[in-house]
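As you go down the protein sequences, you meet chains A and B in turn.
Just so we're aligned: 207 in our numbering is position 207 of the first sequence, and the numbers increase by one with no gaps anywhere.
Just so we're aligned: 228 in our numbering is position 228 of the second sequence, and the numbers increase by one with no gaps anywhere.
Wrong hints could be hidden among the right ones.
Among chain A residues calculated to face chain B with C-beta under 10 Å, some are [claimed, not checked]:
1. Glu37
2. Pro108
3. Leu109
4. Arg110
5. Val141
6. Arg145
7. Pro175
8. Tyr224
9. Glu241
10. Gly244
11. Ile246
12. Leu255
Heads up, simulated EDC-like pairs for lysine to aspartate or glutamate below, C-alpha to C-alpha not over 16 Å straight-line [said to hold, decoys possible]:
13. B/Lys293 - A/Glu248
14. A/Lys173 - B/Glu182
15. A/Lys173 - B/Glu189
16. B/Lys293 - A/Asp12
17. B/Lys262 - A/Glu252
18. B/Lys323 - A/Glu248
19. B/Lys293 - A/Glu233
20. A/Lys84 - A/Glu104
21. B/Lys323 - A/Glu252
22. A/Lys148 - B/Glu189
23. A/Lys173 - A/Asp151
Just so you know, these hints were derived from the structure itself, not from any lab.
Since this is a predicted model, take the numbers as computed values, not measurements.
C-beta atoms are modelled at their ideal positions from N, C-alpha and C, and glycine is treated no differently.
Chain by chain, the residues run as shown.
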Amino acid sequence: MNIVVVVRQVPDLIEPLEIVPSGDALDLDAASFILNESDDHALEQALLLKESGGGSVTVVAIDFGDVDNTLYTAAAKGADRIVKIACDGDTPPAARDSAAVYAEAIKPLRAELVLVGVQAHDELDGGLSPFLAAALELPYVGVIRGVKAGDAPGTVAACKEFPGAVMARMNVKLPAVLGILGADQPPRYVPVSRIRGAMKTTQFEESAATLAAGELLLSVSRLYPPAPATRAEMLSGSEEEIAGRIAEILAEKGLVK
Amino acid sequence: MSAQDVLVLAETRGDALADVTFELLAAGRELARTTGGQVLAVLLGPGGAAYAPALAAADRIIAVDDPRLAEYSPEPFASALREVVEAEQPRAALIAATSIGWDVAPLLAARLDAPLATGCQAIRPDGDGLMATASFCGGKMTAECRVAASPAILMMLPGSYRPTGETGKGELEQRSPAAPLEPGAIAFEQWIYPEAGDVDITQQDVLVAVGRGIQQQDNVELAEELAQALGGAVCASRPVVDQGWLPATRQVGKSGMTVKPKLYLALGVSGAPEHQEGMKDAELIIAVNTDPKAPIFDVAHYGAEVDVLDLMPALGEAIAARKG
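All chains, full assembly: derive it from the sequences and hints.
Below you can see the structure in the form of structure tokens.
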């Protein structure tokens, strides 16, 4: 199976987020970037499908943030081809515009299956995956946790997650785009030595796709950290003192007997 | 039909309307009051008329039936909804950020070339457009977004509006699609239910929840010991389940379980809106996280800004001392 995976860089939420002086965008210069978590799962799912049924995995990414490190890691994990799309601006395009450029880059790859993380935490006009499916004129289903080869040739079986740990098994005729929430197993660990090896041997292919801003359907006028309606009463002191206070609260509520 | 109407996609869960449907109706009523339009509730699937009495908050209830809508699959649902939206031309279509919503809202927006805003917590008119207050970056940032065109497709975060007792005209209209719906290339095959045998976290009085801050699988055991000391069970946020450290039956949040225990001890859980959706109604929430800006502190009653790995042994000892 010829599988294409889209991977994106998102601000690392471990670091504080800053806002540009105009107040209407994140200050990306102040952010550090990591691989979007559900894209990591999409890559893992693609590698699992390749390992179980053969084929190839091509990873496509917009050249932004710390993407080279992500792409070398993908190669070290087992991706066969890496395709990069140039990003001239300081800011990557929003989901809808990026869907158009990803589609332009992916069409020549003749993918049977396109896997994309179902959500990126920095999207306000997402998600990318259904917009990409629309741009590629391919069927789409998202919130997928696990994909297996289907019973019939040219199909896969995808598990769509619903509340209460309930899944719907969906039969998907290929080609198709799937929005991945989680892979059949956690993203694999790859040793640094293999990543270094991939840095020496991997050649990135440059896509001819170009970014173009579409019609502005959604504009951000202001960003701010949310003001909580209520805030927890914070307990302070050493770990032992905090633990003692929590135990006291639990005892007061009759939860420690 | 009016360009000031607000359309709400009603969803069912089991044999009843999903709770989030009532929240969307409350949001729709509030918006329609200012636009001067009506609230339309759309039900896709057989037997929709049976839900009409429960949808009294709507002015019009449009029940669309077709054999292809008996079980969920994206193409028939997106096509049927598109037909209604094109016919009604509402100012906004409110769709919950659910498993179905995450499919059909963007597909609808793409096919109608309509604006889509995700993570919406509040909406209000803004001139001839709408202003949406949306949460993103895991709940750590809020955006005021102007949506200029109609219909605006707004994906609403569950828990953003409180259902009200307000009622509308409640007029039921039963429809069939103009042409039979195409099955599409993606078809529902079967439901897969969680295996019986694991702890039912929805029935527990005490839950010790672990999040990304637990760092590695071995540390889940520390949480298990705490839960055991408190007579409860361990549950988790999505990243922990994604790592395979706990089964999906232990997941709390949008795609997991909704719990209302007497105690929810959140250890290393950041508290993204999707997680809060499943636990915010716990009687007592105590959160421990090294990040002082973690959204979990916004819903917790008590919080501590320390490393859970340092706190857990100390808490275990403190509880043991209390028990004598």
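Is A/Lys84 close enough to A/Glu104, meaning Cα to Cα at most 16 Å?
-> holds (12 Å)
Taking only the CA atoms, is the gap from B/Lys262 to A/Glu252 under or equal to 16 Å?
-> holds (13 Å)
Should the interface hint for A/Leu255 be scored as holding, given a Cβ-Cβ cut-off of 10 Å against chain B?
-> Cβ of A/Leu255 sits 5 Å from chain B, so the hint holds.
Can the restraint linking B/Lys293 and A/Asp12 be considered satisfied, given a maximum Cα separation of 16 Å?
-> holds (14 Å)
Regarding the pair A/Lys173 and A/Asp151, is the alpha-carbon distance no greater than 16 Å?
-> holds (11 Å)
Within a Cα-Cα threshold of 16 Å, do B/Lys323 and A/Glu248 meet the stated pairing?
-> Status holds; Cα separation ~11 Å.
Has the given pair, B/Lys293 with A/Glu233, been kept, meaning a C-alpha gap of at most 16 Å?
-> The hint holds at about 14 Å.
Taking the closest Cβ pair, is A/Glu241 under 10 Å from chain B?
-> holds (9 Å)
Taking 10 Å as the limit, does the beta-carbon of A/Gly244 come near enough to a beta-carbon in chain B?
-> With a closest approach of 5 Å, the A/Gly244 hint holds.
Given the proposed pairing of B/Lys293 with A/Glu248, does the C-alpha separation stay at or below 16 Å?
-> violated (25 Å)
A/Val141 as an interface hint toward chain B, with CB separation required under 10 Å = holds (5 Å)
Verify the proposed pairing of B/Lys323 with A/Glu252, using a straight-line Cα cut of 16 Å.
-> holds (13 Å)
Hint check: violations occur at hints 2, 3, 4 and 13; the rest are consistent with the structure.
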